[in-house]
Each structure stands twice: as structure tokens, then as C-alpha cells.
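Q: Protein sequences, first through last, are from chains A and B. Per this note's numbering, residue 104 is the first one in the first sequence, and the count goes up by one each step. Per this note's numbering, residue 104 is the first one in the second sequence, and the count goes up by one each step.
Each hint should be verified, as a subset may be incorrect.
Same chains, same names: a pair is fine if it fits in one copy or spans any two.
[What the hints assert, rightly or not] Simulated crosslink set (BS3-like; lysine-lysine; CA at most 27 Å straight-line): (1) 320 - 281; (2) 156 - 292; (3) 304 - 116; (4) 285 - 156; (5) 183 - 148; (6) 320 - 116; (7) 131 - 281; (8) 178 - 281; (9) 285 - 116; (10) 285 - 131; (11) 183 - 281; (12) 131 - 292; (13) 264 - 304; (14) 299 - 156; (15) 107 - 213; (16) 183 - 209; (17) 320 - 131; (18) 292 - 321; (19) 183 - 299; (20) 292 - 304; (21) 213 - 156; (22) 281 - 321.
To be clear, the hints were calculated from the coordinates, so they are not data collected in a lab.
Protein chains: 2
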Amino acid sequence: MNDKMIFHQLFEKETSTYTYLLADSDTKEAVLIDPVIEMADRDVKLVADLGLKLKYILDTHVHADHITASGEIRKRTGAKVGLSSAYDMACPDLHLEDGQELSFGKYILKVIHTPGHTSGCLSYQVENMLFTGDALLVRGCGRTDFQEGSAEKLFHSVRDKIFNLPDDTIVYPGHDYKGFTKTSIDLEKRLNPRLKLEMNKEQFMEIMSNLKLAYPKKIQEAVPANLQVVYH
Amino acid sequence: MNDKMIFHQLFEKETSTYTYLLADSDTKEAVLIDPVIEMADRDVKLVADLGLKLKYILDTHVHADHITASGEIRKRTGAKVGLSSAYDMACPDLHLEDGQELSFGKYILKVIHTPGHTSGCLSYQVENMLFTGDALLVRGCGRTDFQEGSAEKLFHSVRDKIFNLPDDTIVYPGHDYKGFTKTSIDLEKRLNPRLKLEMNKEQFMEIMSNLKLAYPKKIQEAVPANLQVVYH
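All chains should be modelled from the sequences, with the hints used to inform the complete structure.
A: The structure is reproduced here in C-alpha cells:
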């Protein structure tokens with residue numbers, strides 16, 4: 104990370120969701136990743152307190168466990184909302200594609216399509232940091248049993264795309280439920296019980312098909328809202 | 104922060120407590136600050152997963168809201184427990200004094216006595232990072248109404264000691280209840296509603312005497328445990 108980059112990791116306790124604010128300390132242009140509706144006031148105030156100009160609000164994916172604050176913060180700041188072009192949605196300002204680059208100040212944010220948790224999951228790379236949403240979590244990964252999830256696709260996203268980045272890339276997840284705040288490519292290659300290098304695709308798919316997870320409490324509310332309502 | 108330093112910020116959700124693990128990536132010597140008893144397994148596993156040798160476990164103070172994992176992790180790792188000499192306790196291995204320095208690998212951790220929340224509160228400085236416990240929080244500070252707390256002492260600790268450090272020092276708090284993970288000396292000088300530079304001591308003491316906070320839920324259990332039992 105460049106010493107001059109402004110960087111804040113923020114947490115929402117009820118759904119254990121991480122939000123990230125990145126900005127150029129010279130131009131003050133900023134990007135907000137995965138804001139949560141209940142924390143919109145906190146995030147808008149932080150942007151103002153730091154004297155930043157919010158340029159982009161990017162969701163890593165259409166969330167099933169919480170409602171995004173993207174629409175609300177767009178209203179208050181005029182920033183553009185970005186989301187994957189893989190979703191059939193009219194409401195984002197930017198329909199992001201794999202390989203696309205966005206700039207804020209002197210920094211480039213690179214879009215990497217990492218489907219599997221949902222069809223339109225994106226990871227965002229800035230310098231040596233990677234924001235993985237629910238594709239790769241600390242010693243885990245997102246579930247693959249709804250929203251066009253696919254264990255096979257997720258395996259390829261992590262192993263063929265994310266793990267091809269430099270080992271010292273810092274991975275900032277979309278959630279953590281045990282209080283971890285980050286990990287690295289190197290650590291996940293060695294320690295992720297589902298996706299470490301010694302696991303093969305069949306083993307991973309077997310694990311993912313046997314998780315027996317309850318549906319997210321808010322899914323009936325969150326997915327429709329995140330697909331439509333909050334952006335209007 | 105040196106690129107080679109290993110650094111992990113860890114969170115405990117029930118009491119919103121931060122624990123910090125720092126280590127030299129060459130020698131693997133590590134320091135753990137403010138571990139929480141419920142997360143001892145996580146922390147010991149992380150130390151092992153990273154191949155670290157835990158040298159010191161340091162509490163910033165005798166906590167009133169949670170039980171420290173210092174005693175438990177000392178048993179499992181053989182690390183030495185450090186706490187302020189201001190408390191009348193026989194159980195720590197190190198009775199730390201203002202200005203004392205501890206080394207782990209090529210790094211120096213400097214002890215700064217910052218009383219006010221309790222009589223024995225310490226802040227720990229490593230490179231451009233400061234671990235403030237409950238002395239200085241993000242846009243706030245610890246309460247001063249028990250455990251020999253003193254608003255006057257806390258004002259001087261923050262304004263005369265902590266705020267004398269370089270403005271770009273990153274402040275890592277002992278808790279945060281709104282999902283912030285860090286702040287800086289510069290931000291707190293400008294934005295802390297109680298302690299920013301435009302506030303004077305009388306204003307601060309007036310605020311602190313009118314907080315009307317409920318006692319911490321676990322204080323009857325936590326303080327005696329942290330003073331004695333868990334270290335034996």
C-alpha cells in the first residue's frame with residue numbers, strides 16, 4: 104500500500120460485514136466498497152470528516168444477508184454506483200466487466216470477475232490489496248447454493264484468478280465471523296481448509312455440497328432490495 | 104509500518120474488543136496485545152499458523168468489560184505477561200514502567216503510561232503505530248468513573264503525551280462500538296468531540312462527569328479475574 108493512500112476498514116456487527124474506504128490523499132478522490140444501509144450515516148460522515156470526494160460506490164456482488172447503502176449514499180454524495188454486468192439490472196451507473204479499470208486520483212482499481220458465490224461476484228484490486236467480497240474469505244469462502252452460485256466456478260475463480268496474484272497481496276474479505284480483519288494470498292494457499300493448494304476441485308465441490316447452511320435471515324428482503332429498490 | 108512486520112488486528116464481537124498480534128517476519132518473535140479469553144483458541148492457532156514464537160502478552164490495562172486471555176495463553180505458549188507497575192499485583196511477569204522498551208526481533212515496543220481510564224493504563228508504541236487501549240478511542244475515550252479513573256489525568260495523558268506523537272501515527276484502539284478499526288493523531292486532534300485541540304480541560308472534565316454510563320455488565324467478574332485469578 105502506498106503510504107499516501109487513505110484507507111479505512113469499517114465493520115457492521117449484525118451481519119459481520121466489512122466496508123472499505125480508499126482515497127488519494129492528494130486529489131481526495133475516494134472509492135467506497137460494500138457499504139451497509141444501517142451504517143450509511145457513519146460512512147457519509149467519515150467521507151466528509153476526511154474531506155473526500157466520493158467518486159465510486161462499488162458492490163462486490165448482490166448481497167443476500169444485508170441491504171447495500173449504495174443507493175442511499177449515491178443520493179447523498181452524487182457518486183456513481185458500480186456492479187457487475189453479469190446481473191440483469193438497469194440501476195447501477197457502471198456495469199463492470201472483468202479487466203475493467205477505474206481510477207481515483209493516482210490509483211487504479213482493477214475489476215476481476217470471480218463468480219461462484221453469485222454469478223456476478225467481482226473482486227477489486229488496488230495496489231497490493233484485493234477486496235474479495237464473498238469469493239474468498241479468511242480460511243473460508245462464500246456459499247454457492249443460491250443466486251446462481253456454483254462451487255465449480257468458485258473453485259476456478261479462486262485457484263485460477265485470485266491465487267495467481269502475488270503471494271503478498273493482502274486480502275480484505277467481505278465478511279468475517281471470527282474477528283479476523285484480513286489475510287493474504289500466501290496464507291490462504293497454505294491454510295484455507297477448502298481451497299488450499301493441496302485440495303482439488305472434486306474435494307472442494309464435495310465440501311460445498313455438504314455445508315447444510317440455513318438460508319440468510321434477510322435474504323427475502325435483501326436480494327430484491329439490492330437488485331432494485333435501493334437504487335431508485 | 105515496516106513492510107516486513109507481521110500485523111493482525113483481531114476483533115471480539117460481544118465486547119467490541121480489539122486484540123493485536125505483531126511479529127518480526129525474520130525472527131518470528133511476536134507480541135500479543137489485549138487478548139480476550141473467549142478468543143484464546145483463535146489467537147493461539149493464529150500464532151501457530153504463522154509460525155510465530157510469542158514472546159510477550161501485554162494488557163493495556165486491567166479490563167472491566169471482559170476477561171483477559173493473558174494467563175491462559177501464557178500457560179499454552181510460555182510467553183511473558185506484562186502489565187503496568189501501577190497496579191498492586193504479583194501475577195504479571197513484567198511490571199511495566201513509563202518509557203520502558205521491549206524488543207521483539209528488530210522492533211522496539213515503547214511503553215507510555217497514559218493513566219485516567221484506570222490508574223495503570225499503558226499505551227504501546229511500535230514504529231508509527233500506537234495501541235491506546237481505552238485511553239484514546241476513535242472520536243472518544245474510555246470512561247473515568249471507576250478503577251481509580253480520573254478525567255484530569257486522562258486529559259493530560261492524551262493531550263500532553265499521546266498528542267505529542269507525530270500526527271501521522273496510526274492509533275489502534277482497545278475497542279470500537281461503531282465499526283471503526285483505527286484512527287490517527289491528526290484525526291483525533293481535529294475530530295475527537297471530547298479531546299480535540301479546541302477543547303480545554305474544564306470542558307473535558309464537565310463532559311466526563313455527565314456521561315451517566317451504566318456499569319459494565321461483566322465488571323464484578325472481570326476486574327477480580329483480571330487482577331488475580333487468570334494469572335495463576
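Q: Could you check the structure against the hints above and give me the numbers of any it violates, in ascending order?
A: Of the numbered hints, 3, 17, 18 and 19 do not hold.
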